[in-house]
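Trainee: As you go down the protein sequences, you meet chains A and V in turn.
The numbering of the first sequence is this note's numbering, which starts it at 1 and goes up by one.
The numbering of the second sequence is this note's numbering, which starts it at 1 and goes up by one.
Be a bit skeptical, because a hint or two may be false.
The calculated label-pair distances, taken between Cβ atoms and stated as ranges, are [to be verified]: (1) T25/A to P107/V: 39 to 49 Å; (2) T47/A to T93/V: 13 to 23 Å; (3) D52/A to V29/V: 47 to 57 Å; (4) S87/V to G27/A: 53 to 63 Å; (5) D52/A to P91/V: 45 to 55 Å; (6) A97/V to A64/A: 37 to 47 Å; (7) A19/V to Q50/A: 17 to 27 Å; (8) T2/A to T93/V: 44 to 54 Å; (9) S30/V to L46/A: 29 to 39 Å; (10) D52/A to A122/V: 15 to 25 Å; (11) A122/V to G27/A: 43 to 53 Å; (12) L46/A to P50/V: 18 to 28 Å; (13) R135/V to T47/A: 51 to 61 Å; (14) R65/V to D52/A: 20 to 30 Å.
These aren't lab readings, by the way, just hints derived from the structure by calculation.
Everything numeric in this text was worked out from a predicted model, so none of it was measured.
No residue lacks a Cβ here, since even glycine has one placed at the ideal position from N, Cα and C.
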Amino acid sequence: MTVVRAWWNGRHDGDAREQVAIHETGGRWRVDHLGPHGRCEYVTCLTSAQADAEAARFLARGAAWRPLSH
Amino acid sequence: MRRGASVAGVDELAEILGAPVVRYSTEPVSSAGAGTVAVERVTGTTTAGPFRLVRKRIRPPVGARAAAADDPHHVTYWRREAHAYRSGLLPATGLVAPECVAVHEDPAEIRLWTREVTAPPAYSWPESRYARAGRRTDRVTRVPVRTCVRYSRRS
């Protein structure tokens, strides 16, 4: 899978760090939200637009997001 | 990138459930141990409906515990639980293990997938329930009931 876009919340401590990433492989899209305390959510998407919308939904829950280089 | 992204396992999950996964989430339900990487509740929906599973990821311990954990006769043998689930010998009535839906193994680890069991946590059980569980355990493992009850009083 290729990470297309990713963000993190700027926190380095494991319990508070969050990350949102859009992955793509062979026309399949997936959005990951790696949340605090080891909680993770994954959404399978049919299109790039849906992946963007799901990522926006995760990003709306938090603050201080910044692009994550990979 | 954090490690979680690489172990999402959506393809493995879809294979187990027999349907494409639409969305799912994972959350830790138990702390890691010497050979246990993680025990996680995995819930979500497929195109066929909702699911609730538990995924236990185990690896051979390293360091001082490695030799014992690799010995099938030692109490800490790291593959024992996977072997038990694969054996088909676990009791189907009385004191039963959670239903195992898949055991996946790759060079890095073993992943045990079981149905989620919803029941009051053992620390909240009355002594009578420990005694009942102890009698059933006795039948399975020949651990004396008094050992189980003594343990329940300690916790």
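Trainee: Looking back at the hints listed earlier, which ones does the structure fail to meet?
Mentor: Violated hints: 1, 2, 3, 4, 10 and 14; rest satisfied.
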